[in-house]
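Trainee: The lines below spell out each chain.
2 protein chains.
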Amino acid sequence: MRISLNETHDVALRSWVASANLAGSDFPIQNLPYGVFRCKGSGESFRAGVAIGDQILDLRAAFESGAFSGFGEVVHQAIVAATAGSNLNPLMELDAATWSALRLALSTLLRDGSVHQSQLESALVPQAEAEHALPAQIGDYTDFYTSIHHATAIGKLFRPDNPLLPNYKWVPIGYHGRSSSIAVSGQQFRRPVGQTKPPTSDTPVFGPCKRLDYEMEVGVFMGQGNAIGDAIDIGQAESHVFGLCLLNDWSARDVQAWEYQPLGPFLAKNFASTISPWIVTIEALAPYRATWTRDAADPQPMAYLDSAELRAGGAFDVQLEVLLQTKAMREAGTAPQRLSLGNFKDAYWTVSQLVAHHTVGGCNLRAGDLLGSGTLSGPTPESAGSLLELTAGGKQSISLANGEKRIFIEDGDTVIMRGWAERDGLPRIGFGDVAATVLPARSL
Amino acid sequence: MRISLNETHDVALRSWVASANLAGSDFPIQNLPYGVFRCKGSGESFRAGVAIGDQILDLRAAFESGAFSGFGEVVHQAIVAATAGSNLNPLMELDAATWSALRLALSTLLRDGSVHQSQLESALVPQAEAEHALPAQIGDYTDFYTSIHHATAIGKLFRPDNPLLPNYKWVPIGYHGRSSSIAVSGQQFRRPVGQTKPPTSDTPVFGPCKRLDYEMEVGVFMGQGNAIGDAIDIGQAESHVFGLCLLNDWSARDVQAWEYQPLGPFLAKNFASTISPWIVTIEALAPYRATWTRDAADPQPMAYLDSAELRAGGAFDVQLEVLLQTKAMREAGTAPQRLSLGNFKDAYWTVSQLVAHHTVGGCNLRAGDLLGSGTLSGPTPESAGSLLELTAGGKQSISLANGEKRIFIEDGDTVIMRGWAERDGLPRIGFGDVAATVLPARSL
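Respectively, the protein sequence lines represent chains A and B.
Counting in our numbering, the first sequence tops out at residue 484, every number present.
Counting in our numbering, the second sequence tops out at residue 484, every number present.
One or more hints might be untrue.
Repeated chains share a single entry, so a pair holds when one copy, or any two copies, can fit it.
[Stated by the list, open to error] For lysine-lysine, the following DSSO-like pairs were computed, each having C-alpha atoms within a straight-line distance of at most 30 Å:
(1) K196 / K209
(2) K209 / K250
(3) K80 / K250
(4) K367 / K209
(5) K435 / K80
In case anyone wonders, no lab produced these hints; they're calculated from the structure.
Model the full assembly from the supplied sequences, consistent with the hints where possible.
Mentor: Right, here's the structure in full:
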């Protein structure tokens, strides 16, 4: 049931969109990620597009040009769904074979030598002239906790004697998040306010968050869902996934510490979350699979969380970079500075395990639902995906090249996340930047 | 900013729908709750209705009859919104003054002596011939933990030395829930399966839940929301609430015990939740306000959680009854047996405090969002809103009148919840039954 490599993955493919062939582009013809956009500042309705080089192929314009007419009924069904509304939910509700047929059509149309080039050139919009909206109506958002390195590091801060709880290696720990406050890259949001309890006080205080942090995550956009009461078998799980995005799950650490017992994070996480403009499909990521193993000393996964395919490469090798651009850096024209570099393959639980676990009790997933990986920290200090880890719980500040220091995020800071897969002999494919900027707290 | 009593609350009002005037009806003319229905087994689209006696006023049919034409622009706007689609979200997005105008129009139309009686008789559908759908598209579902009696009882089971955590009396504890698996009364769902860890074992096992429980809650349907980054002031909070429903937040206690640390309940709660078919508006509940106080020995609420109106009657006096009908009882024609009787006024935090807290950090609420009160247990043993409490953590079985015993819910059991407000000199207004039945687990 796993997507095979096919002609759309061919490293030799080149596009007539010249910028797609430049080394270092996130969007060569082997990628073809989906997003929702319109021309910046226009009153146009948002619509689906596919990133190619520094351009966006406007799917509605492409469809109306007639370019998709020769590809048969399945592709027709897919392009009708992709252009039906202002989000990708109708396309997500279709199945993996249909998505694959549309990808092949897009690859064919955008290749060097396509007879449709002149027809499609007018359906291109420069990315620099576009603004994005959420690619899907997100019915429910679930956040997991898949990095054992992150769970251990955080656990040490809260429970020095017992960092990793006994369930961690058995259960893909997850919790429900807030969908209303998820926005696409470019989000600007006010520093949250709330109750916190200073360690020196017996009673809480009220005011702006003082320990504002980001979390570097991968997001999983669900495709076709399951009926309530049914479970998605792990062998089928990936075929229910439309694709992956990047996700910054903003966190108010001081609010979290005071509120989270016994039912988990609430206001600490629901004021903002930011995702990448582009969803990279599972099919595009197929050449970048990584080995997934479980140490012999660890519990092996229960049957519903295990499969031969998982063992043969259930992880994805996606590099994950976090950068910071402070207000001073922005004003001085200084480029963002890297804070960390990690990799999705270091997660303890894979995408297919998350889907199988989420549904095993009968919970229904719907097309457009978003699953977060949880903070992806790797085994090394420089791969930690949050400031809480990089600053040892807020105890060691980070020195920036311009002389500034940071422990947590300050007003005016922009956090930028990037993710890409690349391997010898294969092109780099990426997600585009996730950028979000923190504004001062509202006046109290 | 609080709804005043007005002519729609007049105890002397009677309806030309005769069943609305019978003592003990949940739906006298002073109630007028909203739901979404269609004729049972029909292929009709679901549409909005108002319960009156044992009938439903089909709002679309009533609107098309022209009965609303004399009420002016605000009522016109409200009835257009109420009949625009297959859920109440468009009506919920309007403001409290508009809801109030529509209520007055409905009250006028349904009163004894209304000139519109003959016009509206054909817009009535017997409740016995109707089936319901969710009244709103629920964007996000949040569950709180407002009963200090419940929190203390549960805390004793998990932490005998430290039942109530230090944050409880300061923070209205809440967490995000799952919206996809919420359904209306009549829901039948499979017993969930999942990982649990028996106390006698070092490692978890996989199989059907053995400690399936209900939770008696009140649900809060949000009206007009707030922009992200803004907060809803507690003085304005109730005007953002469309109304209340009853909510059964089904819980797999054994799954919960193993999975819930450190991020809260997940699969233990997301397999099913059941709500009442009817939403009773805040305006209808206005005569049934109850005093809200805070013991002098307890921390007083922070400013954002306090107001003069809260102190003057921020709670609602709504009785809450849980009944059980086992398969054997159903087959023998035995009526459901009461398990508990509690009251919403015993909650530690009020509706307006939940709305103010939810938004204080900038989280945006949207019309149609659902907030749950958390299990509403009162101060006495017989007012406990879950089996976990009624059976002392599963240690003492409950004897039913037909000789059966229960510790937790068994396959084929139907749990029924009822809620109503009544006071000397005021009519009883209610929510209708919430019934849901547990089916055997899927085969593994």
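Trainee: Is it within, between, both, or neither for K80 and K250, if the alpha carbons may be no more than 30 Å apart?
Mentor: neither (34 Å within a copy, 55 Å between copies)
Trainee: Indicate which option fits the pair K367, K209 if close means a Cα-Cα distance not exceeding 30 Å: within, between, both or neither.
Mentor: neither (41 Å within a copy, 39 Å between copies)
Trainee: Have a look at K196 and K209 and pick one of within, between, both or neither, based on CA distance no larger than 30 Å.
Mentor: Both, since 16 Å and 27 Å are each at most 30 Å.
Trainee: Have a look at K209 and K250 and pick one of within, between, both or neither, based on CA distance no larger than 30 Å.
Mentor: Only across copies: K209 and K250 sit 23 Å apart there, 32 Å inside one copy, limit 30 Å.
Trainee: At most 30 Å between C-alpha atoms: does K435 with K80 qualify within a copy, between copies, both, or neither?
Mentor: neither (42 Å within a copy, 63 Å between copies)
In this structure, the earlier hints numbered 3, 4 and 5 are contradicted, and the remaining ones agree with it.
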